[in-house]
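S.K.: Listed in order, the protein sequences are those of chains A and B. Using the numbering used here, the first residue of the first sequence is number 4, and each one after it goes up by one. Using the numbering used here, the first residue of the second sequence is number 4, and each one after it goes up by one.
Bear in mind the hints are in silico, worked out from the structure with no lab data behind them. One or more hints might be untrue.
On the chain A side, residues computed to face chain B include the following (Cβ under 10 Å) [as the list claims (entries may be wrong)]:
#1 Ile10
#2 Lys30
#3 Glu56
#4 Asp57
#5 Ile72
#6 Gly76
#7 Gly78
Where a beta carbon is used, it is the ideal one built from N, C-alpha and C, also for glycine.
Read off the chains here:
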Amino acid sequence: MRELNAIRVDDHHYQVDMRGWVCPYPKYAVEGLVRKLDRGRLDLLVDCPSATEDVPKVVKAMGGSVTEINQIGGGEWQIVIKK
Amino acid sequence: MNQVPFRKRAWPLWVGAIALAAANVGMFAFMRAIGVFPQMSMWGAQVYNLLGVKVDAPFTIYPLTPLLLDVHSMINFGIVLGVAAAALLSEEFKLRKEHWTGYVAALAGGVLMGFGTVIMPPCNVGGFYSATMALSLSGPLTVLGLLPGAYLGGLLMKWQAERAVAVLDFNSMPKGEPVRARSSSAQPLIGAAVSLLLLAAAGFYASCGLTKHAGLLLFGAAFGVIFQRSRLCFTSAFREILVSGNGTVMKWVLVSTALGTVGFALLKASGYQPMHFVLPVGMHTVAGAFVFGIGMSLAGGCGIGVLWRSAEGYTRAWVALLAGMMTAGSWVLIYGKHVGEGWLYGKPVSLANYGGYIGGTAIVFLFLAAFYGFILFVEARKRERA
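Okay, chain A solo, but in the shape it has when bound (with noise of 0.2 Å):
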């Protein structure tokens, strides 16, 4: 089975990394991670632009926030969620 690879940065602050996983992967992956988030910051690690679009969305359906959009390579984003 295919694997999320995420670690914890610091306290209360987590990175999942979901380079590799083509849309609509990371879409429908935030709902269950933003609801097992108790509390905190997730950097969530994406590589097709539609996430930054759609994660959003949904991450504020959920009742979470996404602070900042930031591009860190050619076709790569950390997309900021707190709750």
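Please build the complex by placing chain B on the supplied structure of chain A, with the hints as guidance.
M.R.: Frame of chain A, contents of chain B only:
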């Protein structure tokens, strides 16, 4: 939020929808409507012949032709160059490798799309979008297959994502260093070079007297830029209605279809190519669309979608494209006849047979309104459940 420069800003869906309709009407007035899979199936048949397996191209109006001389293939090449230029200029290009399960899904998706395109025919954009605009009865009927097919494929993807999240535990994650942003790339410069290459290729064809080739290459590039910048993805449009209860993309596709239908009807009513994109219709339309719908979800894009993602560097799309063209290219070996011939296919039926072009257009608008209403119903049900 950081300020995003214009070249990196996505176009609103409504801009993409209007631009797409204008480009399709414009290209029809120039020569033909958008559709990409029949050409790719001819490419597949070409490969078989190069390997020594004699097989004819499945679509008789897309006969075996050297790729760089095939006028229809210019649309595909234009899409690839247009997407590549737009993706590079906006620094969205990346050579994206996949997990092996992704390549398996792409292979399966490509094979299903390959069969779907010759059974339906042709593909999602050609069979639904262009055919509906062209007042072909087959266009609206494809929805009965594409919608459930895309839903099934999308459910599988959602299940995979949810399984991956289910085993994740925020309390036991290993500590690590976060990924840092890299310095600026040379992508915009390469994008400018690709744009120049595109213009040079169009100029070369025009200088050889092949003005149709040059025109379709540029129209294809315009489609590529529109799709890449607006993210108006037809696979997502069909898939998300039932998987997420969100029909935003499809609602704009329907608006685009309505606009294009008026343009097509006016051209056809003047006597211009009245049977263009009026396709065989029957049970095969729905069955082929269903198979195609599953395939496009698994592959991560329909015919145009895999061309588009291929040009953005998705290796998953490369696998899907190859699998799709090789499957469709073998159709005459499998079925023994061309697409549209024999027991499998019905006859082409134009909706203009029912009340002329005004009546045909009215039927298409009724269908589009009914589909729009269905989406509103699904979205309302989702809000109620939430």
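S.K.: Hint compliance check: list the failing hint numbers for this structure, sorted ascending.
M.R.: none
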